[in-house]
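Put the complex together from the two separate chains, hints included.
Sequence lines, in order, name chains Z and G.
Residue numbers for the first sequence follow the UniProt record's numbering, beginning at 1 and rising by one.
Residue numbers for the second sequence follow the UniProt record's numbering, beginning at 1 and rising by one.
It is possible that part of the hints are untrue.
[Claimed, not checked] Some chain G residues flagged as far from chain Z (calculated, every beta-carbon gap over 12 Å):
| # | residue |
| --- | --- |
| 1 | G34 |
| 2 | G36 |
| 3 | P49 |
| 4 | Y55 |
| 5 | P56 |
| 6 | A60 |
| 7 | P63 |
| 8 | G65 |
| 9 | R181 |
| 10 | P185 |
| 11 | L191 |
| 12 | G195 |
[What the hints assert, rightly or not] Examples of chain G residues lying across from chain Z (beta carbon under 10 Å, computed):
| # | residue |
| --- | --- |
| 13 | Q6 |
| 14 | L13 |
| 15 | L18 |
| 16 | P23 |
| 17 | P42 |
| 18 | P122 |
| 19 | L141 |
| 20 | N146 |
| 21 | R175 |
| 22 | W203 |
| 23 | V248 |
| 24 | Q259 |
| 25 | N264 |
| 26 | S269 |
Just so you know, these hints were derived from the structure itself, not from any lab.
The C-beta atom is built at its ideal place from N, Cα and C for all residues, glycine as well.
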Amino acid sequence: MSAVAEAPARERSRPVERVREPRWRRRDRWWGAVFLAPQLLGLLVFLVGPLGFAVVLSFMRWDGLGDATWVGLENFRTQLTDPYFGRAVWNTVKIGLITVPGGLVLALLLALALHGVRGRTAYRVIYFLPVVTSSVAVSVIWQMILGGGTDGILNGTVQELFGVTLPSWLEDPTWVVPAIAVVTVWSSLGLNVVIFLAGLATIPPSLLEAARIDGAGPWQLLRSVILPMLSPTVFFTLVVSVISSFQAFDLIYVLVNPDHNEGAQTIVYKVYQQGFREFQFGLSSAAALILLLLTLAVTAVQFKAQKRFVHYES
Amino acid sequence: MTHRKQILLHAVLTLGGLLMLFPFIWMLLTSFKGVGQMINDPLAWLPVPWRPRNYPDVLAEVPLGQAYWNSMYIAAVTVAATLFTGAMAAYAFARIPFRGSGPLFGLFLATQMVPAQVTVVPLYIMLAELQLIDSHLALILPAIANPFAVFLLRQFIRAVPVELEDAARIDGAGRWTIFWRIILPNIRPGLWTLGIIVFLASWNSYFFPLVFLNTPDLFTIPLLLDSFHSQRGGVDYGLTAALSAMTVVPMLIAFLIGQRKILNSMASSGLGGR
Numbered sequence: 001m002s003a004v005a006e007a008p009a010r011e012r013s014r015p016v017e018r019v020r021e022p023r024w025r026r027r028d029r030w031w032g033a034v035f036l037a038p039q040l041l042g043l044l045v046f047l048v049g050p051l052g053f054a055v056v057l058s059f060m061r062w063d064g065l066g067d068a069t070w071v072g073l074e075n076f077r078t079q080l081t082d083p084y085f086g087r088a089v090w091n092t093v094k095i096g097l098i099t100v101p102g103g104l105v106l107a108l109l110l111a112l113a114l115h116g117v118r119g120r121t122a123y124r125v126i127y128f129l130p131v132v133t134s135s136v137a138v139s140v141i142w143q144m145i146l147g148g149g150t151d152g153i154l155n156g157t158v159q160e161l162f163g164v165t166l167p168s169w170l171e172d173p174t175w176v177v178p179a180i181a182v183v184t185v186w187s188s189l190g191l192n193v194v195i196f197l198a199g200l201a202t203i204p205p206s207l208l209e210a211a212r213i214d215g216a217g218p219w220q221l222l223r224s225v226i227l228p229m230l231s232p233t234v235f236f237t238l239v240v241s242v243i244s245s246f247q248a249f250d251l252i253y254v255l256v257n258p259d260h261n262e263g264a265q266t267i268v269y270k271v272y273q274q275g276f277r278e279f280q281f282g283l284s285s286a287a288a289l290i291l292l293l294l295t296l297a298v299t300a301v302q303f304k305a306q307k308r309f310v311h312y313e314s
Numbered sequence: 001m002t003h004r005k006q007i008l009l010h011a012v013l014t015l016g017g018l019l020m021l022f023p024f025i026w027m028l029l030t031s032f033k034g035v036g037q038m039i040n041d042p043l044a045w046l047p048v049p050w051r052p053r054n055y056p057d058v059l060a061e062v063p064l065g066q067a068y069w070n071s072m073y074i075a076a077v078t079v080a081a082t083l084f085t086g087a088m089a090a091y092a093f094a095r096i097p098f099r100g101s102g103p104l105f106g107l108f109l110a111t112q113m114v115p116a117q118v119t120v121v122p123l124y125i126m127l128a129e130l131q132l133i134d135s136h137l138a139l140i141l142p143a144i145a146n147p148f149a150v151f152l153l154r155q156f157i158r159a160v161p162v163e164l165e166d167a168a169r170i171d172g173a174g175r176w177t178i179f180w181r182i183i184l185p186n187i188r189p190g191l192w193t194l195g196i197i198v199f200l201a202s203w204n205s206y207f208f209p210l211v212f213l214n215t216p217d218l219f220t221i222p223l224l225l226d227s228f229h230s231q232r233g234g235v236d237y238g239l240t241a242a243l244s245a246m247t248v249v250p251m252l253i254a255f256l257i258g259q260r261k262i263l264n265s266m267a268s269s270g271l272g273g274r
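Just chain G, same shape as in the assembly (with noise of 0.2 Å):
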């Protein structure tokens, strides 16, 4: 490529960089701005002054760290137990004869395709019978069941080469055994993958909190910050900014941090994942 090229290139994907970026930019500059100011000159792209105190504000208007845990906790179980029953059924699928293997694997499959607003009443009225409405099981449960997940994690199992588990049932061990010292460990990329998708759907899930939860203590960040957003949103912008920097922010840092691990599962989950 030619040296201009490179240049208008690099200008082209600045530009579409600086797009991507703005609605963060203009959240955390509109996180510093008083109501005074939103009257006043609602136009201002700068605070004037400068308003840190929103922050403390809206902290101590909103239970944020409850928030945070009650998102933090849930999608960690939802994680944990979804890798660990999806990699069982897709041990299972990829590497143990049973009548009905293929069938059930059919299911599996063609369960990815419903809706999650088709069994979302349903589900309301079952938990309901259940007396777990407004409780953080009616968020978890039904997650764990994830057909996409026994899916992908086959794919990786099939990857293991079938002489490691030869050699180990050579050497006595049984298929728990197999599949807990030889399969996990082989499958550690997929199981990355997976559990970076299940977090993120878990943390910015929003449709089911707002169906299921009613109790504010109850709530995960995305319904905090909606149901702040429907009462105060509209009057106070500073406020509103202020708390969903805080709720973003976080999540970006983690981004940052890992973001080649999670770039790469991304990217994994298009090509090997389906």
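Extracted from the complex, chain Z is given alone in its bound form (with noise of 0.2 Å):
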């Protein structure tokens, strides 16, 4: 049982507590379900219940009024062949392809380039700003930037300065996915920028003078001594960057209104439209298991390749 885990603690307290340990043990198994009661009875009415709940969902037809018929696999063979939700997922797909490499290239480059400078504070301020801000406000703040044709401050002043006439970011399916991907690696910026500079300062200054004393130049390292001590961070950030990817939803659905535009059209935001728009909760809780299910299986390829990469101190 777990209570031998915590045998050094026991014996120490032994020679006072020696008549009534029992007395403690009964009495801590009791404590143990008061401490986890709140958050157990939330994970299981609010997360496990409702998990289960969208399974059984999944498998039925229902608008949440009339009766709910099961159909078995039938949501699912009909999201899988429809040519709109297949464009959601590959728009998914594309949007962490950009987002999560570009992002974290260049919050490490920014890290590092932070690392060594003076007056670092400053700048740290200035790029976490649009994480504290909500992503309501940097959406409609950006639309009016990229705005549609010449009305967007962007494309205008282009135009007007040296008459070439730019994409309407917002409105063209090709360019869409591109400025979804730039706000939401200009919104996410800072964050990684600030947990990889925590990561760079747990690096010894002695190991780095080390790798220098024996003649490495600054790519060497990079690539021998900072990355293979940041790897953990690095992964972790990648990990966390891969799901709130593919979560997405508040920048996207605000930007640019994927309703009119199907170039921005996410799986979440075909569970919010077949579960909320037209109220097929079996349709909607379909799409929401494949994207649980392709979560899983990015992240399990993520741990798996991690074993090649990820440098942990023993």
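So this is what it looks like as structure tokens:
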């Protein structure tokens, strides 16, 4: 039993507690339940229960009002053969493929630049500002900047200065994903920079000094010392970034309004549209579960791959 | 590093900083522009003339004060309840041996992977059944169940020396006294970190309020901004920008005041977390 793990602590208190120890243990079991109860109850009611419910719903056809019909795998078949849903899956993956590597590399470069520079607090604060700003406000502001035709300040100014007509970023189906990616990277960059800076701060200066004395140049220093030492942090941010890019909703929904632009429809948007616009609870749940499976698959691959590039100190 | 390299670095970082600041500056400038300027000279960078009236005008139209209050107390209640119950569960997992502790903790870890969108439809049906749709409880209750909170605080509690607890126990303290008087004060940095993360998440949350709330007087700040924006945003940028500024600037000021604590918290969430 897990009480064994606590043995050293108990041994130390034994001379005083010898007689009362069994009572402690009996009461402890009770206390364990008391301390755990609120979160465990919340977990069961608001996470595990709804998850199970979602699985059941995904096998049903139900609009929330009438009777629910059991339809087996039909919802999944409908989603996976629907070209619109396929497009949404591809958009979801595409947004991840641009924002995750782009955001992480940029954050890493910035953190490396900031690490050796005086007055980095000011930069840290400025780069972090978008992180504390609500994604709705971020989207509203960026819509004014990227706005359609020559109305947006970016396109209008470029047109005026250089006579070049830029695509209407938020309406053009080919440009909407890159536009979303740019705003996403802008808004989350500061968080990754701050996390990377904290990771860099844990590398002992003596290690870098030793490598330098051995004649390592900046590139070798980065490849052989800094990146291996930073790899657990990079892995953490990689996993978190992928998960959050798959679940992105606020920014896309407000910035683009995917109702009118299928180039910006993602799996999460489908969950929302089918669930709360069309009240097809079964289809919506199936879409959400497909998202969960995609997330699990990609995370599993990342955890498999980490053995090859993540270096933990023993 | 050589002097020239330092200057070059500062130049690059400053340019990047301006790119980060530009949308905020643009928001503030736009918030002083009138409709006339939008139509006649949409590309002017500076407002001509400056129109501070946008601010009182938009305030007369939307219940911003109400939204502030809603967001503020929802976030405060969520933070307090999450910290308290999260620390309790974390203490149970870290220090109280009980049967099934390991598998239960595994369950907590596993549920962190479940996207909120998977549970939103079932939650909606459940909350509708409980008559909680279009109420703030629909936002607060589900947010308190937070496996990440339990995991993060457990890390901090494990770092508290067991000797402190033993000493208190010898003095006759029970589990509750130990938790309240020894554990909580000793994990203050962890509570700050988690408090800031939970506060920001609640304050900026959009998806759940969008799905769960209908009555404008119940709206939180992001929802209020979004509903104004989708009704009027395309017409009058000046008013929308003024409203955005009023939702964003107080948060930015709060961040600037507490930046050291907030940045350090975020940094430690990436190092110690998960």
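What are the numbers of the hints that this structure violates, sorted from low to high?
Going through the list in order, the structure violates no hint and respects every one.
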